[in-house]
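From first to last, the protein sequence lines are chains A and B.
If you read the first sequence in the working numbering, its first letter stands for residue 1, the second for the next number, and so on.
If you read the second sequence in the working numbering, its first letter stands for residue 1, the second for the next number, and so on.
Because the hints were derived from the structure by calculation, they are not lab data.
Computed from a predicted structure; not experimentally measured.
We treat Cβ as the ideally placed atom computed from N, Cα and C, and that holds for glycine.
Hints may be right or wrong, so weigh each one.
Per the computed footprint, the stretches of chain A lying under chain B, defined by three or more beta-carbons under 8 Å from a beta-carbon of chain B, are [said to hold, decoys possible]:
(1) 28-38
(2) 92-99
Distance condition first, Cα-Cα at most 27 Å in a straight line; then the derived BS3-like pairs of lysine-lysine [as the list claims (entries may be wrong)]:
(3) B:Lys-9 / B:Lys-22
(4) A:Lys-1 / B:Lys-40
(5) B:Lys-22 / B:Lys-71
(6) B:Lys-41 / A:Lys-98
(7) A:Lys-42 / B:Lys-19
(8) A:Lys-1 / B:Lys-19
(9) B:Lys-41 / A:Lys-42
(10) A:Lys-98 / B:Lys-22
(11) A:Lys-68 / B:Lys-41
(12) B:Lys-9 / A:Lys-98
(13) B:Lys-44 / A:Lys-98
(14) B:Lys-22 / A:Lys-42
(15) B:Lys-52 / A:Lys-68
(16) B:Lys-22 / A:Lys-1
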Amino acid sequence: KQEVTQIPAALSVPEGENLVLNCSFTDSAIYNLQWFRQDPGKGLTSLLLIQSSQREQTSGRLNASLDKSSGRSTLYIAASQPGDSATYLCAALDSSYKLIFGSGTRLLVRP
Amino acid sequence: DTAVSQTPKYLVTQMGNDKSIKCEQNLGHDTMYWYKQDSKKFLKIMFSYNNKELIINETVPNRFSPKSPDKAHLNLHINSLELGDSAVYFCASSQEVGADQPQHFGDGTRLSIL
Numbered sequence: 001k002q003e004v005t006q007i008p009a010a011l012s013v014p015e016g017e018n019l020v021l022n023c024s025f026t027d028s029a030i031y032n033l034q035w036f037r038q039d040p041g042k043g044l045t046s047l048l049l050i051q052s053s054q055r056e057q058t059s060g061r062l063n064a065s066l067d068k069s070s071g072r073s074t075l076y077i078a079a080s081q082p083g084d085s086a087t088y089l090c091a092a093l094d095s096s097y098k099l100i101f102g103s104g105t106r107l108l109v110r111p
Numbered sequence: 001d002t003a004v005s006q007t008p009k010y011l012v013t014q015m016g017n018d019k020s021i022k023c024e025q026n027l028g029h030d031t032m033y034w035y036k037q038d039s040k041k042f043l044k045i046m047f048s049y050n051n052k053e054l055i056i057n058e059t060v061p062n063r064f065s066p067k068s069p070d071k072a073h074l075n076l077h078i079n080s081l082e083l084g085d086s087a088v089y090f091c092a093s094s095q096e097v098g099a100d101q102p103q104h105f106g107d108g109t110r111l112s113i114l
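Using the sequences and the accompanying hints, generate a full structural model.
As structure tokens, then:
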């Protein structure tokens, strides 16, 4: 059974800092790994999707990597801004096409 | 021009009642989903429909019944509501089921059982 874990659970950084969010999964038989952002009282916004055959994806200041063999993915945020404050969720699409979510990392970027 | 819309946004009701949550997507996607986010913020898949056919049915009590009148709509009906049903329910859609298909989420329906 696939399990997804995110570390740290919460993170507070000053504006401008580069940061890394970590995600690990127990079963390497995944179709893709997705990163989402969730703002309070809102739904999830898809940030990046890395297919199992890919190693990384980039969008603006965001870069996500995937290492299937070690069961890890990281989301790198460059030059963080207060507007980046949100909860970041990673999710693995398992062999049954179910999206299995981690519990998220709450990010606060201080001005 | 909301892509995935859910109604209502908030639902407060008594234990034992029956309620429905509606979801519509205007993205032309073939696949729709229902997720439950509990008080600890854990998101878990409940159901998935592809072209009006049920393809994922997690271990959800049979008091929960999804209905897909067409591929743009996936409604969730809940019978005999219990305290443990209090949660935020999210609808999502994707073009199809596949490795390169991101899911698009609605803003959620916060269900509170008194």
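Which numbered hints fail: Hints 8, 15 and 16 contradicted; others consistent.
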